[in-house]
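Student: Got chain A; can you put chain B on it based on the hints?
So the chains spell out like this:
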Amino acid sequence: MKRSLMLLGAALLSAVHLAMPASAQNASRDVTIVLGEGVDLMEPCMSTRSNIGRVLLQNINETLTEFDVVGDKGLMPRLAESWDQQNDNTWRFHLRKNVKFSNGSDFDAEDVKHSIDRAMSKDLSCETPRYFGSTKITATVVDPSTIDITAEPKQAILPLLMSIVTIVPSDTPVEFVRDPIGTGPYKMTAWNVGQNIVLERRGDYWGDAPQVEKATYVFRTDPAVAAAMVQTGEADIAPSISVTDATNAETDQAYPNSEVFYMRIDQGKPPLQDKRIREALNLAIDRQAFVGTLVPAETTLATAMVPPTTLGFNKDIKPWPFDPEKAKALVAEAKADGIAVDSKITLIGRSNLFPNVLEVMEAIQSMLTDVGLNVDLQMYEVAEFEDIYGKPFAEDRTAQLVAAQHDNARGDPVFSMFFKYHSNGPQSGFSDPKVDQMIEEATAATGEDRAKKWSELFAYLNNDVVADVLLFNQVSFARVNPRVAFKPTIATNSQLQLSQVGFK
Amino acid sequence: MRKLILGRVLSSFFSLAALVVMVFFLSRLTGDPAALFLPREATQEMLDNFRRLHGLNDPLIVQFGRYVWDLLHLDFGQSLRQARPAIDVVFEGFAWTFQLAAITIALVSIAAIVIGSLAAFRPGGIFDRFASVVSLIGASAPDFWVAIVAIVVFAVNFAWLPTSGTGTVWHWILPVAVLFIRPFGLILQIVRGSMIQSFGSLYVKTARAKGVGNTSIIFVHTLRNAMLPVITVIGDQAAAMLNGAVIIETIFGFPGVGKLMIDSILQRDFNVVLAAIMVTALAIFVMNLLIDIAYAILDPRVRT
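Chains A and B, in that order, are what the protein sequence lines are. Note that the first sequence covers residues 1 to 504 in our numbering. Note that the second sequence covers residues 1001 to 1304 in our numbering.
Same shape as in the complex, but just chain A (with noise of 0.2 Å):
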């Protein structure tokens, strides 16, 4: 009796510890990927979404063009092998051959044209139209591998455009799926909600096979549990820790994440409407005295609502300096002249933003209240955040400084200046004809015109508008597998294609 329990003890134990997870750290080719952020839908036309793009964007669903955001290649071919401009409004794309779906069937115009209309349909809240503002699109079939686009009104970067749209089959229902299909090296074959989604490399992709045969991704809202995940073999990457968790010079690196943090002025409410006001609040911060205490020693300080790689970047735009004097000064002549310097100013502050925000917030305050400002520092969580961000303001608030971040890996400044600097723009602090002709001008202009346009409507806005207090460039930080090559770019925020992950 005494000895069959053992036996069955033992039988039981081994069970068990056969039953222990897989660690990650082995020689196959599967990786496990931990992410912050939970996925609640694996939709095709929502893959702007960074915690669905992560996944989905370029592993499971292509699109025709794709942008190289990290590199100087520009636009590239993707599930277009080509385009070219018919006339102002129509771009020709033409299609991949032999490009088949993960469910078998052929990829062709059809398959083009009903993504378009799906994700601009008005039976679907997809993400995409926000890209098109009120340009409409049509799409027409010439032939199985000949698509044209019309933009109207015309629209200059409609191939760019087209780095956004996500292909799925021609019969995808007008609904959101939760099984997306589509023809990347990759499909899904497995969604536990809340535990893992895991991907695997398709035999028949058009392309070259990627390295890794099966990724597992799982969700740790904890940044300290994602580093342990990878400290322990459990995971092979996690693309965001927390910089205090960054400790191991093996396995973690800093990367540019494509973020900027900047408050956004209020010039509809005194004392912010004056200029000398605008340029007191800027010259006031140390920013400096931030980097490498508050937030992370690699933060670099913003010149831009986009990130240094994006089309047109002004290179010639310094950092506000830290002059506090000059800052005193300004006040006191702004008061000198009747302005109502003495106003409170309501500085808002999203929690949870980013690590130590709520710091960052009272340092900035301290700063501001030094030169002689009244400012008044409130913080938010998420929803009644975005209320105030957006569009309409209440009539009856303070002046306020909504810190805020923005993030454009896109390459195209077109997706954020005219939401926040043009007279209509939905989170637009300020109004002012010049600013909205610069910038239609410039989203309507292309190439080197283009850049150079962009790149005047910076300064302008730094220099002559004083528009809003530029901070940081945000980085975050990850934690990788030795055993895995894989380095985090400025668009690791929002996708991770799998085909750029491989071994050592």
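It is worth saying that the hints were derived from the structure and are not from the lab. Be aware that a few hints might be false.
[Stated by the list, open to error] Away from chain B, derived, C-beta distances all over 12 Å, residues of chain A:
1. D84
2. N103
3. P144
4. Q211
5. E333
[Stated by the list, open to error] Computed footprint of chain A on chain B, listed as stretches where at least three residues anywhere in the stretch have a Cβ under 8 Å from a Cβ of chain A:
6. 1039-1045
7. 1061-1073
8. 1084-1095
9. 1177-1188
10. 1250-1264
Note that beta-carbon positions come from the ideal geometry of N, C-alpha and C, so glycine has one too.
Tutor: Positioned in the frame of chain A, the structure of chain B alone reads:
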């Protein structure tokens, strides 16, 4: 007994209905789900379209009427974020939370009753000292800190257990252990106090005088009488756990209903919030009913 159950069912039904009305209107007073679902740069047309698709343009009272009507047909509506029935989303989360709560409360109850009884039998003895230390730790150590330390020690340093997640029996050990500490300390003290009181009672003295053994005195004579306050506290603790162990779920990546509820509130996914509240409220009601029945079984006075 039937009257007792019927009374409880009726009063719980009214509480639940009041809760639904309150949460429905309060949740809609703060934040717009369209602004949260769509990106900041969404056009007005996109926002209008989203509100139209999800019936958010109608007056609140119309939305409420529609919600109640659907509810009467057992339709809890669609999750705005997950594009599937809200009740499916909630049941998935609740299944995890229920398992976690059931395992933890079962272990806590057994351990607390046994050790608490032994501690009460010899106050100042080894079990009593152990009980004091554990209670103190349970009451003073914050969950998130214990959880992180447990991961660092047992997963990172010793590599005995996985850091987090689900999948095998090993994944349950750390979350259950961390969740165990606080209620264990509390229930242990209640058992100890209640047992000490019972040991001093006349029926125990009578039993001793009759020569009844210690084990029998503790577990047969004293425990049943000492259990009434213990059951109340166990019930309270179990109810708290059924609401979701948010911190444990967050740190260990457990897809339970607590984290789901917090995420849904932040994202104003109204249907999921309401469904989650109803499911957990119902579970708590069922549990309270079970406690009442247990009371009635243990104490004949309650039945009358």
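Student: A separate judgement is required for each hint: does it hold in the structure or not?
Tutor: Here's how the hints hold up against the structure:
1. D84: holds, 29 Å
2. N103: Check passes; 20 Å lies beyond 12 Å.
3. P144: It holds; A:P144 is separated from chain B by about 31 Å at its closest Cβ, greater than 12 Å.
4. Q211: holds, 25 Å
5. E333: Answer for A:E333: holds, closest chain B Cβ roughly 36 Å.
6. 1039-1045: holds (count 6)
7. 1061-1073: Per the Cβ count (0), the hint is violated.
8. 1084-1095: holds (count 4)
9. 1177-1188: violated (count 0)
10. 1250-1264: Holds: 8 residues of the stretch 1250-1264 of chain B have a Cβ under 8 Å from chain A.
Violation of the numbered hints given earlier is confined to hints 7, 9; the remaining hints are satisfied by the structure.
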